[in-house]
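Peer 1: What follows is each chain in one-letter form.
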Amino acid sequence: MNARDTILQALRTNRPAPEQYPLPPVVTLGNLDASVERFVASLKLLGGDVMERQGDETLDAAIARRFPDARNVCSAVPETNGTMRAETLKTPQDAQDVDIAVVRAAFGIAETGSIFLSEAQLPLNSLAHLAQHIVILLSPGEITANMHTAYQTRPEFHTAHYGVLMSGPSATADIQGVLIRGAQGVRSLSVWFT
Amino acid sequence: MSNRPVNHARAAEKFLEDAPHLQFHDERLWDMRQKRDDQMHMLPEWQELRTEASRIKEHTLARLPEYLERFEENAKKNGIHVHWARDGAEHNRIVGEILQAHNARSLIKSKSMVTEECDMRPYLEKRGVTVTETDLGERIQQLDDQLPSHIVVPAVHKLTSDVARIFAKDYKTDPDIRDPHLLAEAQRQAARPVILHADAGMTGGNFVVAETGTFVVCTNEGNADLSATVPNLHIATIGIERLVPRMADLGVFIRLLSRSALGSPITQYTTHFRGPQKGGEMHVVFVDNGRSARLGMEDFWTSLKCIRCGACMNTCPVYRRSGGLSYGAVYSGPIGAIIDPTFNERKYSTLPYASTLNGSCTNVCPVKINIHEQLYKWRRVLVQHHEMPFVKREIMHMAGKLMGQPKLYRAAISATETALGTLPRFALYNWLNPWGKHRENPHPVKQTFHAWYKANRTDKASKTEDSR
Amino acid sequence: MKIGLFIPCYIDAFYPQAGIATLELLEKLGQDVEYPLDQTCCGQPMGNSGCNSDAAAAEALFVRNFARFDKIVMPSGSCTHHVRDNFDAIPQTDEVRHVRENTYELVEFLHDILKVEEFPWAEFNHTVGLHNSCGTLRSLRTASMSELGEKPFSKPMDLLTKVKGIRFATPKRPDECCGFGGTFSVTEEAVSARMGVDKVRDHYQAGAEYIVSADSSCVMHQQGCAERAGIPIRFIHIAQILNGARS
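Protein chains in written order, with our numbering: chain A, 1 to 194; chain B, 1001 to 1468; chain C, 2001 to 2247.
In case anyone wonders, no lab produced these hints; they're calculated from the structure. Please note that a few of the clues may not be correct.
Cut-off 20 Å, straight-line C-alpha distance, at most; resulting in silico cross-link-like pairs (SDA-like, lysine to any residue) [what the hints assert, rightly or not]: (1) B/1278 / A/118; (2) B/1377 / C/2091; (3) B/1347 / B/1051; (4) B/1401 / C/2090; (5) B/1305 / A/92; (6) B/1437 / C/2064; (7) B/1278 / A/4; (8) B/1368 / C/2090; (9) C/2151 / B/1051; (10) B/1368 / A/25; (11) C/2172 / B/1076; (12) C/2172 / C/2204; (13) B/1401 / C/2064; (14) C/2172 / B/1051; (15) B/1076 / A/25.
Sample of chain B residues facing chain C (criterion: CB under 10 Å; computed from the structure) [as the list claims (entries may be wrong)]: (16) 1147; (17) 1433; (18) 1454.
Sample of chain A residues lacking proximity to chain B, with all beta carbon distances greater than 10 Å (derived) [stated by the list, open to error]: (19) 6; (20) 68; (21) 88; (22) 96.
Yeah, the Cβ is synthetic: ideal placement off N, Cα and C, and Gly gets one too.
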């Protein structure tokens, strides 16, 4: 018997009586506030930022203001071309010098300030992680209340091959408990509502 | 693997001698427990979430073969290769073969306790594959040639000075650095080229969704995302018990995991892998390694509900004061003490005794594993299987006999009082008296309760028939 | 209601005042209490070590001594927990079941069964830190547990707040285990002692002059740690305070 069958057979032999452990129905618990205010508060708690719009400035202007030293701005969105288009990235190695990645999130989650990115938003998945900083475009109408509502209502979880919920920038506290932002992935994550 | 029982007590004693390390370790993990409590107080539905999580896991485990088959079917439809390993050796062989088929000589990986169970790194390194841990804590431990001491914060037993010393050796940084930011930046710079040029990437898997053929990886650094998306070969090593039935069930588990582990609402990265990326290849290796056997243990199968949050370690007063390495196993702390005996009963026979049975672990477990009750039950099993040291067993045997004989018992108490009251200090406090190593003995009394009662309530004195 | 009084070995041998206070308190409350002289131990040390068969003799003797009482009361949470929840080294006859179901720890007996409203004879003009043993707390549920975020309640506090003059100090880690753990105190002596001294220091730094507990086993351990470390805190059993001890 091969490993697969051996394992499955052992499980069938050993398992507790299934009738005693029915599947509980799906639950939607907790705070169902899906407002931008709640999203922003949660985002900031996890180290993310809101990129403030000064007057009626463009996205380009806001990025230049926030990241004055950035040379390589790689955009996957129509709202800006940056210094290069994400579609021109052929391999992850092409993305290694990207300072700012500009992408649009499919949706956000108010409970945790998370944003969702998949291959539908990322011409190259690793762009979101090799860039030094990331700017996320998010439509306030695409904010869902919490993890329950997200997993139950968003179709992206059933279609994406690669789907990441980013909740603030990369972080670690592995050295003597000190919180550090920008461990391996992006050093900052900023949301631009549009 | 040596079968000698782990001497947790001796390792703990050594750990306790290093005051700065002990103090940080205890306070840091207690702080994580406090942060978990803060999250709990913010969610009125916290207990309901735990109940749901427990029920979902128990149901899933009772139908595990069906859910594994369903996952496999869905995963394969989306282009994921699914492999099965009965034990660590088989796992390592499968991984080795996948890497060889791709001429992969370098592997970057994010955290996976299962790969530690399988002892994968030395196997691959012997076959010419360089394995680099990308999680900061795991990397520190890899460079220091130690097991992770905690399943979520692997280097929690180290201070900044220890990390600076290790990085000075391997990254040629300044050994006197005391700013963790500088060390983390050094790791970032050192890891970057390795990541960019790795032939293959490996992750673990926190949850496996049968309904959609998805597996989920939760990290704070994003190192699993780098490991999985930069190279075009992604291998995921996952224990067979990590299944959940539906995508919707992730709502319950993701809400519990990071809150229980670190006291943050969610990990910075929650990644859902459902299929290979364009031009890439994705493999899942399911590992049994004793899990199917554990499913058949009436008193212990619920330990398979574990979602590896580490909350039990954070709250355990013994773990905080002895450090994960004192358990001598891949899994330490309370959860380690109840699952390690299934890996090697003799070697880990001491672990269920490294506990006061206080029960705090059971209360913080997000999936309601009755850890302290399983610790108690394991003690009975170990005694029945003769895994208790002879000396301790004999003492218990004699104590048991003494407790059945009132007259002898009274005589023993009287003798103890006399000894405590008359013997000089050097006779009472020496290697024969472990109680007295760091504590004063209890004070002898002139009159026991028994004697007082006889003297003051004789009209109430009662005797049962002579009990022998 | 005839009450059988069980006095654990360490109270009999080292803290007889706690046993005397328990008896006197129950008598003051009008109860008919008797202490069977042939009692020894409840079997917990053997049971907790996994040596269940070695607990059988003690458990059988316990039942022989106490089967004839309506209620069995003891000033020990850990012994109560053992009798109610783990007393299975002997065949479970009706007699055994009766004993198991009617065994009470003192505080829960005063609070739940007698529902005592006042202790007019009691006065304790000191600041105390309350220590709930893990047995009473998490197994007998005499107070709310910090891990669960439940609505706060505390049977020992309900009783102690009825004592004139008493003041309370709260340690930083109110329900972290003190490290006694039965045989653990000897087999893992270093960790046990460290937990004990941490606990005592926590109470002392919170301003407690006394640590009061319903479990003398914890007290025995904490007292040993305090004395070795030179921490000048005193210890008292809750029965003594409720019975009218002034110090």
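Peer 1: Hint by hint, say whether it matches the structure.
Peer 2: Hint by hint, here is what the structure shows:
no.	hint	result
1	B/1278 / A/118	holds, 12 Å
2	B/1377 / C/2091	holds, 18 Å
3	B/1347 / B/1051	violated, 34 Å
4	B/1401 / C/2090	holds, 14 Å
5	B/1305 / A/92	violated, 37 Å
6	B/1437 / C/2064	violated, 38 Å
7	B/1278 / A/4	violated, 28 Å
8	B/1368 / C/2090	violated, 30 Å
9	C/2151 / B/1051	holds, 18 Å
10	B/1368 / A/25	holds, 18 Å
11	C/2172 / B/1076	violated, 53 Å
12	C/2172 / C/2204	holds, 11 Å
13	B/1401 / C/2064	holds, 16 Å
14	C/2172 / B/1051	violated, 29 Å
15	B/1076 / A/25	violated, 27 Å
16	1147	violated, 20 Å
17	1433	holds, 9 Å
18	1454	holds, 7 Å
19	6	violated, 6 Å
20	68	holds, 21 Å
21	88	holds, 15 Å
22	96	violated, 6 Å
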